[in-house]
Every structure is written in structure tokens, then in C-alpha cells.
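**Student:** Letter by letter, the chains look like this.
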Amino acid sequence: MERYYQPEIECAPREEIVKLQNERLVKQVQSVWDNVPYYRKKMEEKGVTPADIKTIDDLHKLPFLSKDDLREAYPYGLMGRPLKDCVRIQSTSGTTGKRVVAFYTQHDVDLWEDCCARAIVAAGGTNEDVCQVSYGYGLFTGGPGLNGGSHKVGSLTVPTSSGNTDRQIMFIMDLSATILCCTPSYAAYLGERFKEMGYGPDDISLKAGIFGAEAWSEEMRRDIEKTLGIKAFDIYGLTELSGPGVAFECSEQKGMHINEDHFIVEIIDPVTGEVLPEGEQGELVFTAVDKEAFPMIRYRTRDICSITREKCSCGRTHVRMAKPKGRSDDMLIIRGVNVFPSQIETVLLNNGYAANYQIIIDRVNNTDTLDVRVEMTPEMFTDNVGEIQQRQRTLVEGLRSMLGLKAQVTLVAPKSIVRSEGKAVRVIDKRKI
Amino acid sequence: MSIKQISVFLENKPGQLAAMTGLLADNNVDIRALSLAETQDFGIARMIVDDIYEAANVLRNGDFIANFSHVLAFAVPDTPGGLHQLLNAFNEAGVNVEYMYAFLGNNDASHAYMIFRVTDTKESEAKLISLGYRPLTQEEIAQI
Chain B
457 MERYYQPEIE CAPREEIVKL QNERLVKQVQ SVWDNVPYYR KKMEEKGVTP ADIKTIDDLH
517 KLPFLSKDDL REAYPYGLMG RPLKDCVRIQ STSGTTGKRV VAFYTQHDVD LWEDCCARAI
577 VAAGGTNEDV CQVSYGYGLF TGGPGLNGGS HKVGSLTVPT SSGNTDRQIM FIMDLSATIL
637 CCTPSYAAYL GERFKEMGYG PDDISLKAGI FGAEAWSEEM RRDIEKTLGI KAFDIYGLTE
697 LSGPGVAFEC SEQKGMHINE DHFIVEIIDP VTGEVLPEGE QGELVFTAVD KEAFPMIRYR
757 TRDICSITRE KCSCGRTHVR MAKPKGRSDD MLIIRGVNVF PSQIETVLLN NGYAANYQII
817 IDRVNNTDTL DVRVEMTPEM FTDNVGEIQQ RQRTLVEGLR SMLGLKAQVT LVAPKSIVRS
877 EGKAVRVIDK RKI
Chain W
296 MSIKQISVFL ENKPGQLAAM TGLLADNNVD IRALSLAETQ DFGIARMIVD DIYEAANVLR
356 NGDFIANFSH VLAFAVPDTP GGLHQLLNAF NEAGVNVEYM YAFLGNNDAS HAYMIFRVTD
416 TKESEAKLIS LGYRPLTQEE IAQI
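Quick note, the sequences are listed as chains B and W, same order. Per our numbering, the very first residue in the first sequence carries number 457; after that it's consecutive. Per our numbering, the very first residue in the second sequence carries number 296; after that it's consecutive.
Some chain W residues close to chain B (C-beta under 8 Å, calculated; not the full set): (1) Ser302; (2) Phe304; (3) Glu306; (4) Thr334; (5) Phe337; (6) Ile339; (7) Arg341; (8) Asp358; (9) Ile360; (10) Ser364; (11) Glu393.
Bear in mind the hints are in silico, worked out from the structure with no lab data behind them. By construction, the Cβ of each residue, glycine as well, lies at the ideal position given by its N, Cα and C atoms.
Work out the full structure: start from the sequences and follow the hints.
**Tutor:** Okay, here's the thing in C-alpha cells:
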């Protein structure tokens, strides 16, 4: 029996969802026009006023917002409400430059936590469950989001935050935790540790996991499910829009339902900005229609995926998005296969390496070659050649199963990968085509 | 007593080894023994030095990766069969040698000195001592 947190919304007839979206969009555009000079200027430059936006079909007339806008307007330039109405900020890690700071009113926090609660209930969570949140707490949205969602569901929330693996395992075992929320790579790592400690899937009380915040493969999902004896659910979100819970998986595990009452989705051509028809792959764009403090309109996520409106047998009527393949601005095509650096990064992290790497693509005898150069770390170094080579082979195997490509792995000296402005140059494409 | 060896990761490109020895030379670290293990794309330098902590500090500050491991050092009579006799004892004690290298002392021409990296240093050491083969201490190595 599929259960829902807010069935009247999650399973609403399509026309009701669209009606709600229309109303909220019109109101949101007017509010942004009145309160966010930065976005109003963008609208004026495009020659569009709130009067032009009557339904969601008019969405394409509005200008996009991008990460560059967020940087330019940092920190207060995109706020939709005065500071006195705001109760919280969250922030991104800033790995791609300046941090993004997002603001929340109490209404925004509630909406976000509701979204996370929907995800937890879709994963089978109830007030009988013990829900361990092993996402980081603090500025990162993972911990606070799932923590709030778990409270709303009424589960017993165990706020372990990330790290200290043995303590995580102690709480799971001692409290008989049933739901685990963390990144997929950490779930895989916990699984390994359980194995080392001699625990099999039958010894572990967990029944479900809600894993997101990084790219992971279907293969990785099956691995985690097998090791921990759980069903693993994907969750999607980004700080700019609230955090995890923008979309979540149901028991069908065939794409993530986007919480369309809060977030209107579009798929666009990342180059031309044209809206693409359903089913086509393109860049995900979201409009947050009832967020107050940080009202993102047509925010370009740079995530590449497709959406489907096909009816889902779980009963939910909200559109589904496929697992994002990666970021639009860094997709590579190697031997005809789409490769995202984020996938390579996932494999490195899963194998205990730091994310200090460089991808060198070349063409030798008309065949693309992929060389992943990884900086050696003190943790991975030993005086034993065979051990290091064995780890290298494991890495090659991990890359092969993630990418479907044979890659070469070269270990290089620490800090030998060129960095510009503190950030490593990740990709060097030497192919002359 | 086992002694401490320092191992350094070397990327396989020209100048890496010289960069390492340069750092040690500039900081007055004396290399007593050195062996290199190499693969196609990287190498590992394993060394016995006079001041292991100073060596680790200067190398790490110079962006090298260096770590310590415990190895056994033995004085081997520089006569035919000298090494063989010692290895027989290893065999008898069931000690597995992962790698080994040799060096000569400054003062005693009648012995060669061998460094052994074994699988379980503590246990191996105890067994060898019980067979009458005592490895050299850090202090003894410094005197050689």
C-alpha cells in the first residue's frame, strides 16, 4: 500500500495542480516585480511585465536566473522579503566559486520540510520509524532538511550528522534505526564498515534509505540495497530552491516526483535556452512559485535530465524527472559515451581518494583515450607497491562500471594538478577533431 | 628492535628523485640507505636516514608524501654464506620478506647491513630473537 504525506496535493488531478500553479505564478511574479529590483531590471530589459504572465504557459517569456546572477547579487540582492521576516539561511559549499546564500521565512522552512516529509513517507516512513539523519548539519541543507521532514512525519529523529562512522553504526544498531538519510557514497561506506564488522543485511534493522546530494549510478543503488538490506530512494534538490526534497522517488523507483505545487519545472536547450518538449534531455529549470524569502524564477540548475508526465502507478500525479546525468557545462563525450566529471569524482571518493583529479582526453589512432590523473594522498600511500597497484586496479574497475568506459588511472604527486584561483583545472581535452 | 624507514611517493617524471634528494641535502639530512621500487607510472623511495623526523618534515613541507614503516636491520658477515645463514633463520621462523636492501657502514668493513621489510614486524622480530638473531637498534645503526 503506497502511503502519502499530503495525498490531496501529491495525488491531485492534473487540472487542479495546473490551476494552483497558475495562481501562484501570477502572484509570485508580481511579488518579485515589487520586491526584487535585481529581477525587475532583468524583466524590464526583456520587455516583460507582470501583466504578461497569466498562466504557466507564459513562463517562457520570463528571464532566466543563473548561478552568476546569484553571485552578482550576493548576499542580499535577490531577497523577496525584508530581513525581519526571514528566520534562516543555508549555504552551498562554494566549490564552484562564491558561496550561494539562500534565505528562508518560516513559511519557506515549513514548505521545505513538507517536501522532505513527502520523501520520507514515500520511502515508507511513519511515526513508528527511527530515522537517522547522517547528512551534515549546519549550512549544508541535507541535515536540516531531512531532520525537519522527519519531525513532520513524527519519526524518532536521530540527528547524528555526518562522520564518525563507528558511532553512526552504534546508533543504527542500538536504536534499531529503520530509515537512513545520507549521501549515497556515505551509505556505501557504511555498508563496507558493517561488512567488516561482520554484520549482514539480516542483522541490520534499516529498511529504507534516502540518498541524494551527489551523482550515483543504478549499480551503486543495487549494491547499497544488497549490503544494507534496504530499499534505496533517490532525492533531489538544491540550496537555491530550498534543499533536498525538490523531487523524490516513490516505491516505483522510476524517476523522482517533482513537488510541482512548489516548483514548476521546464527542460531547456542549454545552448539556445529554448524550452524542449517532454521526454527530451536538456537542462532543468525551476520556478519556485510560493517561496517568499528567496523566490527563484526560471533558475537554471545546469543539471541535465529529462522529465515525463506519464502516469505513475504509485498514484502520485506530479511529473517525474530522471536522475540528472551531471552538469550541462561540463559534459564530455568520450568514445560516444556521455561522461560527467561528477561521475568520476563519485568513484574516486567511493574508493577513498580525495577529489583532486584531472581528466585528460586524447585521441590516439582515431580512438579517444581517457586518463584520470589522481593525486596521491597520505591516506592512500603505503611503502608496498603491490597494495597501491591493487587500489589502482579497483579504481579502474569502478570507473568502468560507472562510465562504461575503460580509463587509465595515473597516480601523481600531491598538488601537481594545476589550480587556477584555488580550483583545479579538471578537464584537459587534447583531441583535435 | 625494529627501526624506522621513511618511504616517499615519487611521480614518474624527470627530476622527481633529484627534487627529493635536493630537499634532504639542503636540510642536512644524511641518507644512510636507499632503495627504489618502480612501476610504470610511479615509484617509491625507501630510506634509512640519520634524522627521520627532520626528513619527514622537510619532505612534507615540500609537498611530498612520506610515511614511516618499521623494518628490521641486521649486520651480515661479509663472507660467503653470510646472508644465506640469516635467511635460513627467517625461513625457520616463518618470516615473510616483502622486500630488502643492503648498505655498507662507515666503520666496519667486515659486515654488510641488510634492511628487511617483513609482513608482521613485531611477531617476526620476536621469533628471530628467539633463534639468536637480534636486529640492530636505531642507536646501533647511527653508530655504524
